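Chains as they are written, first to last, in the working numbering: chain A, 6 to 230; chain B, 6 to 230.
None of these hints come from the bench; they were simulated from the model. In this text the structure is predicted, and so the values were computed from the model without any measurement. From the three backbone atoms N, C-alpha and C, an ideal C-beta is built for every residue, glycine too. It is possible that some hints are incorrect.
To be clear about the criterion: a stretch of chain A counts as covered by chain B if any three or more of its residues have a C-beta under 8 Å from a C-beta of chain B, and this derived list gives those stretches [stated by the list, open to error]:
(1) 90-104
(2) 123-129
With a straight-line cut-off of 20 Å between C-alpha atoms, the simulated SDA-like cross-links for lysine to any residue are [stated by the list, open to error]:
(3) B:Lys162 x A:Asp32
(4) A:Lys93 x B:Pro221
(5) A:Lys57 x B:Lys93
(6) A:Lys93 x B:Gln224
(7) B:Lys150 x B:Leu206
(8) A:Lys162 x B:Asp204
(9) B:Lys57 x A:Lys93
(10) A:Lys162 x B:Lys93
(11) B:Lys162 x A:Leu206
(12) A:Lys162 x B:Leu206
(13) A:Lys93 x A:Pro221
(14) B:Lys162 x A:Gly216
(15) B:Lys162 x A:Lys162
(16) A:Lys57 x B:Asp32
(17) B:Lys57 x A:Gly33
(18) A:Lys93 x B:Pro223
(19) B:Lys57 x A:Lys162
(20) A:Lys162 x B:Trp71
(21) B:Lys93 x A:Pro223
There are 2 protein chains.
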Amino acid sequence: MAEVRNTDTRERILDVAERLFMAHGYDGTSMRQITGEAGVNLAAVNYHFGSKESLIQEVFRRRLDWLNEERMRVLDRLEAEAGGQPVKPSLIVDAFFGTLLRMAEDDARGGMTFLRLLGRTLTEPSEFIRAFLAHEYKVVMDRFKEALFRALPDVPKAEIVWRFHFMLGATSYAIAGTDALRLVTDWQIEEEDSVDRLDRLVPRLMSFLIGGLRAPLPQFDQSGR
Amino acid sequence: MAEVRNTDTRERILDVAERLFMAHGYDGTSMRQITGEAGVNLAAVNYHFGSKESLIQEVFRRRLDWLNEERMRVLDRLEAEAGGQPVKPSLIVDAFFGTLLRMAEDDARGGMTFLRLLGRTLTEPSEFIRAFLAHEYKVVMDRFKEALFRALPDVPKAEIVWRFHFMLGATSYAIAGTDALRLVTDWQIEEEDSVDRLDRLVPRLMSFLIGGLRAPLPQFDQSGR
DNA sequence: CCACAATTCATACGTTCGTTTGAATCATAA
DNA sequence: TTATGATTCAAACGAACGTATGAATTGTGG
C-alpha cells in the first residue's frame with residue numbers, strides 16, 4: 006500500500022504559515038494567502054492539516070516540542086551538576102529564556118520568525134490558541150517554577166510567580182516588538198547596537214531579567230488588604 | 006441648524022468595542038458583534054465613526070489622550086520639584102508606568118478593560134494600528150527617554166532604550182495576560198495574592214522594573230564586535 | 001407648526017472567508 | 001503493466017465580512 010507522505014508540501018505550508026501568522030496574526034492571515042505564497046493548491050491545507058486551527062497548532066508544535074524538551078534537558082543537567090544543592094537563579098533563568106533566545110540563531114528551528122510569532126501569540130486574542138499554548142507549556146512551567154522556589158527559599162512563592170510572569174513579558178515583547186520598537190522610539194543609536202545584533206540582545210535581556218528577579222521585595226501600602 | 010451629536014450611541018459603541026477588541030482582537034471582532042451587543046443599528050458605526058479603522062483609533066484616542074497628558078503633567082511636576090537636578094529614575098518609571106497602572110482603578114477612564122486592550126495591542130499584528138500607536142506615543146516616549154538619559158548619565162543611551170523596551174514588555178504582559186497567566190501557571194496561591202489585587206500589582210511590578218533598570222550592565226562576549 | 005438637519009433603521013451590495021467536493025494526476029507495490 | 005492509495009487540482013459552497021443606500025424617524029431652531 007502507498008502510504009508515502011509528501012513532506013515537501015507540508016513543510017512549505019508550515020514555513021509560509023509561520024511567517025504570515027507572525028506578520029499579520031491568526032485572524033489576519035487567510036488560507037488563500039498561505040497557499041498562494043507557498044505555491045500549493047488552496048485545498049492542500051485542509052487535506053494535510055484538516056483545518057486552519059489544526060494548522061497553527063502544528064506550526065507551534067513543530068517548534069515548541071524541541072524547545073521545551075531542550076529546556077528540560079538543560080535544567081536536568083544543571084540540577085545534576087548541582088548535586089542536591091539548589092541551582093543558581095541566573096542559571097535557571099538562562100535555561101528558560103536563554104534557550105529560547107538562542108533558538109533565534111538557528112534558522113533550521115524557525116529562527117527569529119518563530120520567536121517573534123511566539124512572542125506575539127502569548128497575548129493572542131484567540132481563545133483556542135491561548136488554551137493550546139497553556140497546555141503545551143504546563144509541564145515545563147511547573148518544573149521551572151519549582152526550581153526557582155528552591156533557588157530562592159527566602160522569597161515568597163507568589164512573588165516568584167509574579168516575577169516569572171514579568172520576565173516572560175519582557176522577553177516576549179523584546180522579541181515580538183523588535184521592529185515595532187523602531188517605529189515607537191525612532192532611536193538614533195549607533196549601527197552596531199541595532200536590533201539585529203541578537204548576540205547582544207541576549208546578555209542585555211538577561212541582565213535585565215536577573216536584576217528584576219533579584220530586586221528588593223516590594224513594600225505594600227499600610228492600606229493593603 | 007441642528008448639530009446636536011448624540012453622545013449616547015457613540016459612547017455605547019466605544020465601550021462595547023473597547024471590551025470586544027480586548028477580548029477577541031481587532032480582526033476577531035466584527036461590526037455586527039459590536040453593534041449587536043451595544044444595542045444599536047449596524048450602520049451606526051459607519052455613521053458615527055466612518056469605518057472600523059476609525060472606530061478603533063477613536064477607542065484608543067479617547068483614553069490615550071488623557072493618559073499621555075497626565076504622564077507629561079506628572080513628569081513636569083517632578084522636574085519642577087527637582088529644580089534643575091536630574092529626577093530619580095524610580096520616580097520617572099513611576100510617572101510612566103505607575104500612571105498607566107493607576108488608570109486601571111479608574112473605571113471612568115476604561116479601567117482594566119482598556120489597560121488590557123492596550124497591553125495586547127502593543128504587539129498587535131495590524132499594521133495601521135501599530136503605526137497609529139507609534140504616532141500617538143512619539144512625543145511622550147521621547148520626553149521620558151530624555152529624562153532617563155539625564156537621570157542615568159553613566160549608563161549608555163542604547164542600554165537605557167533597551168531597558169525601557171523591556172519595561173514596556175513586562176508591563177504590557179503583566180496587564181494583558183492576567184487571566185492567560187491563570188491558565189499557564191495554575192498557581193495555588195493564597196486568596197489575598199490573587200491577580201485581582203491591583204493595588205499589590207503596582208508595587209510588585211515597580212520593584213521588578215526598577216530592579217531591571219538598575220541591574221549591572223551586561224558583559225558582552227569577547228567575540229562580539 | 002414647519003422645515004430641515006441629525007439620527008436610526010432595514011436591507012442589500014460585492015467581497016472574502018474556511019471548507020468541501022469529485023475528478024485528475026501521481027507514485028508505488030504487486 | 002496494473003491496481004490502489006496518496007496527492008493535487010479547479011470549482012463551488014454557504015456564511016460572514018465591512019460598507020453603502022435610501023427611506024423612516026427623531027429632535028430642534030425659526
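Next item on the list: Provide an ascending list of the numbers of those earlier hints which the structure does not satisfy.
Entry: Numbers 1, 3, 5, 7, 9, 10, 15, 19 and 20 - these are the hints that the structure violates, sorted from lowest upward.
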